[in-house]
Amino acid sequence: MTDAAISVRDLRVSFSGKEVVHGLSFDIPRGGTLALVGESGSGKSVTSLAIMGLLPQGIGRATGEILFGGRNLLGLSERDMCRIRGGEISMIFQEPMTSLNPVQRVGDQLAEVIRLHRGLSGAELEEAVLEMMRKVRIPAPEKRLRQYPHTFSGGMRQRIMIAMALACSPSLIIADEPTTALDVTVQAQTLQLLKDLQQETGAAVLFITHDMGVVAEVADEVLVMRHGKVIEHGAVHDVFSNPRDPYTADLIRAAPTLAGARPEARPAPEPLPGGALPAAAEACGAGATVLEVRDLKVRFPVHGGLLGRVQGNVHAVEKVSLSIARGETLGLVGESGSGKSTIGKAIIDLAPRQGGEIRVAGQRIDYRDKASLAAMRRKVQMIFQDPYGSLDARQSVGSAILEPMLVHGLAKGAEAQERMAWLMEKVGLDPARAGSLPHEFSGGQRQRICIARALAMEPELIIADEAVSALDVSIKGQIIDLMIGLQEELGVSYLFVSHDMSAVERICDRVAVMYFGEIVEIGPTPEVIRQPGHPYTRRLLSAIPITHPDQRGSRRPILTEDKPSSPIKPVGFQSPPAQWGRLGSDHFVRCEA
Amino acid sequence: MTDMAHPPAAPAKRRARLGLLRRLNLSTWIGLVIVVALVLAAIFAPWLTEYSPSKQNILHQLSPPGDGHLLGTDQYGRDIWARLLYGARYSLTIGIFAIVVAMIVGTFLGMIAGFLGGRTDIVLMQVMDVILAFPALILGLALVALIGATMGNIIIAIAFTATPAFARIARAGVMTQRDREYAQACRALGFSGPRILFRHIMPAILPEVMVMSSLWMATAVRTEASLAFIGLGLAPPTPTWGGMVREGYDNILSSFHLALAPSIAILLLVLAFNLIGDGLRDVVDPRLKDAS
Amino acid sequence: MLTFILKRLGFALITLICVLTLVFLVVRILPGDPALVILGDQASPDSVAALRDRLGLNDPILVQYASFLGRALQGDLGNSMVTGRPVTSEILNVLPYTLELTFAALVLGTVLGVPAGVWAAVRRNRIPDYLMRLVSLIGLSLPAFVAAIILMMVFAIHFGWFPVISAGNAETLTERLRQMALPTLALALIMMAYITRVTRSAMLEVLSQDFVRTARAKGVSPSRVVWTHALGNCLIPITTVVGLYLGILIGNSVLTEIVFSRPGLGKLILTALTQRDYTLLQGMIVVYTLMVVVVNLATDLTYGLLDPRIQYK
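Chains as they are written, first to last, in our numbering: chain A, 1 to 593; chain B, 1001 to 1292; chain C, 2001 to 2313.
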């Protein structure tokens, strides 16, 4: 008891009388890390707000005991809590983009917490701010501290948040999904930084997350919550090796498995004659080609100057070639800004194209010709990341599924109604609910509706743009299973755009890795994951969290930060032709000069 | 399966509408009650008073409230209560019709500008900005003075000043909706531009336009009253509220109730429209809902 | 920055030319011969023809337009058709009265409105909030002339604290302030109503944002969170409303000018309209447009000071 940094006893939290956390108890020893795991609505974030005394006033109420430094935090006045918050207990939030005050200089925001709790001022204060910025490895801190948050990247902002949290040597740090909004390579850097600083200061950490991979990386102890109740609590090795609750086992299984393993030694790529990728039909082996993209270019103009002339172009997609066979799934992976989503949008004419050729089922698409465009739309459909946002909130789901059939004259009257009911059953929904509005469904059900709507067009290819990324882990698995089932039954192909390696690993036959607008590696999913050929692929894979705490130390993320030159190029810029090499029968990698 | 022959959208829509009625808050209800009461008073004015709004009576000049005249008489001996009741006709007609015209024209132009973008957008919005760059009251004043103060002209003048506001809000609404995933999904499904704009995007921006309409009706009533007060409203002896305030103001030292009664009437009607608009905004604006 | 200002000035120039063209056209299209208007119905055809010639009304319309536009852009707005004095000096004579009234009302309205709005937001759904919402709703439902008349009845006629007439002929500063007090208050009350409302809603939105939670988690006291972190982020919408309302304020000042018999732009444009003094009217419209354009430019530049994310391009 005495060496616990914090002890929570029978914590219950209610909102307007409705209890959402039902009796939670745990201790975190000094220097220890407890991972609080759960999906949305499990009560994990509410717990952290209760500890901080930040539940919405007048609505949220917490009972039980939160013992910290010999006092029960739930009995303290607002003034006393102000002294503890930021000083003895500090917090890091999920959204680095919105968690900093946009109109205050970064240095001032960092200085505020130091001034409040350490009472420094003047030159001493500035030195303390600089020291913290150096500790979280912000380059050129003297310059950076006078800048505003919008000039910082997400990862840098999260490092500023970490600096604020650690500035007053707290005995407890609460980290609420601190890396969820970050790219996987940035996540690896941030986790490493947090671990290093925790070791240095000896602070206890309450780490809130939904990602078992992250838990395997950082936690000493794990507490799994569901619907406000504790369903599993134990040391991290025990929980991973012998999960007692099936729900915990599901969560553990949801983490990427292949990717978590250590990459095998790789053979040197064999240079291809002429250095170019082989033609599509050849590359995708047997079977009819559903989609063939050749040298696709997407550029967005950058305006500037007095008259708003085009001063350069963002090369969002640069000379991308790929192909998908009937019934095949091609994954498109990469981090934010890599151009992976833009490719899907360019194919379906939601983004402009500046060059290249796109063939659907052998037919070249002429985007200026209405008939050609209409033919493409019949064969290619899209599902989006946010199922609620991609449905018209005022339209019943049945009508949403019917509309494309009626507009394109695919079916009429009773036949269309029948087909709509059939589609709803196919995606696992009760046709009797056709009259309901989208908000009456859960997130996973809404994505099912979107899939049914896409299938109403009887497409040959569905572009899934981060289609499962916004879903909870357990729902994600169900939607992926549904997609795989539909593929087997209907023979539809998928272009699966995602940053989520566990989903890609499960559904994709082949995978293409995107880096700043270009494909750097393409091949069968298991081969690319086991024998990554391109340095970026290796870095990306190494950053994916491990799957079991036993793997700690066996695999170090590659933490280099080599940013390529800006994607904004002057007008008329031509990128040099890429040199490709072959690693397997259909595993190709770009050779860097 | 037989009941599926009906478009499945119908029951959902009906439910949504009923839900909206149920969600209306107190302030909307108060505003609606006031407006409806005033509309009824204006329609049934002849039954609510025995006096004519324009008949002069030299014997009863400036008589105080009570004594056969509910609110007294003005300097020509005209019954103020009667003038208020008949005056409501002009305030309501001008306020409502001017904004209906502005709403239809402005929303349509704004939607087209927002959806098409490019040159259409630049030209249309440039014109709107030029109109908007002018104090509305002065613009209305100048227009009415130049084209003549008839009922139709006042409606046109006020509608003219209000149109850019609707164009702007419709354009902004369309531009946000256009980039939302559901609009992209519609494009991916191969729906035509007009279908996306009028079937899917328009219903999404209409609530906001309705809120604006209500708030602008308040402004229109105020502008109409201001014009009449300045002396550029409907010509006397037409009983306009603003004109009555002006006549009362000219006699303010002797009998202040002359100005007070129509002032309160104007305030009441403007307040009612503002209450409706405010209440609707609370119902419609999801941001405010989330915060509560 | 410079590019931005040049661009905005270019836009202002376009607006001005559009307005001038519109005014020119409207005046020419309207029924009624300006020369006849000036000389009256009884004038002989000869004298009308002579005046038309002198006013340049016999020139081709494009020549008239070009010379009108050219002179207007050089600041020469012609002479009043009625008094014969230069329009510019007629306007400059009364401009200060309108400006002092408008800015006094603006400052007063902001100084009262911002704290009231913050107070209402912090005490959301409690008595201060309901009170502020009711008061501001009444305030923005009150036409300026009604507000002015009520203030006059109470403070000038009943109590006699302030003069009924604000003729602008005050000799001492205190007398001038006494004359200005009621017209200013009438406009400021309405201004305050708008600012209270926008401050309240902006504050409510900002208070629900993530960075406010961050500030609280740092141990910053609730009042400091509101007044430094949150209010700094509310200033943009407040500035928008101030800028927008300044135009309305300039327009509404005509009403208080009538009620308190004050000289000003509003009175002048009424004269121009009733006397059909087209040159004066043209000039006034140019001045109004210029004022609004300047206000908009100032608003845009203020945004840049308030929000580091805004860059002028």
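Treat the hints loosely; a few may be bogus.
[Stated by the list, open to error] In silico DMTMM-like pairs for lysine to aspartate or glutamate, Cα to Cα no more than 20 Å straight-line:
no.: 1; chain 1: C; residue 1: Lys2267; chain 2: B; residue 2: Glu1247
no.: 2; chain 1: C; residue 1: Lys2007; chain 2: B; residue 2: Asp1129
no.: 3; chain 1: C; residue 1: Lys2267; chain 2: B; residue 2: Asp1250
no.: 4; chain 1: A; residue 1: Lys297; chain 2: A; residue 2: Glu357
no.: 5; chain 1: C; residue 1: Lys2007; chain 2: B; residue 2: Asp1121
Rather than coming from a laboratory, the hints here were simulated on the basis of the structure.
Hints, one by one, checked against the model:
1. Lys2267/C <-> Glu1247/B: Judged against 20 Å, a Cα distance of about 18 Å means the pair holds.
2. Lys2007/C <-> Asp1129/B: With a Cα-Cα distance of about 15 Å, the restraint between Lys2007/C and Asp1129/B holds, given a limit of 20 Å.
3. Lys2267/C <-> Asp1250/B: holds, 17 Å
4. Lys297/A <-> Glu357/A: holds, 9 Å
5. Lys2007/C <-> Asp1121/B: holds, 18 Å
When the structure is compared with the earlier hints, no violation turns up for any of them.
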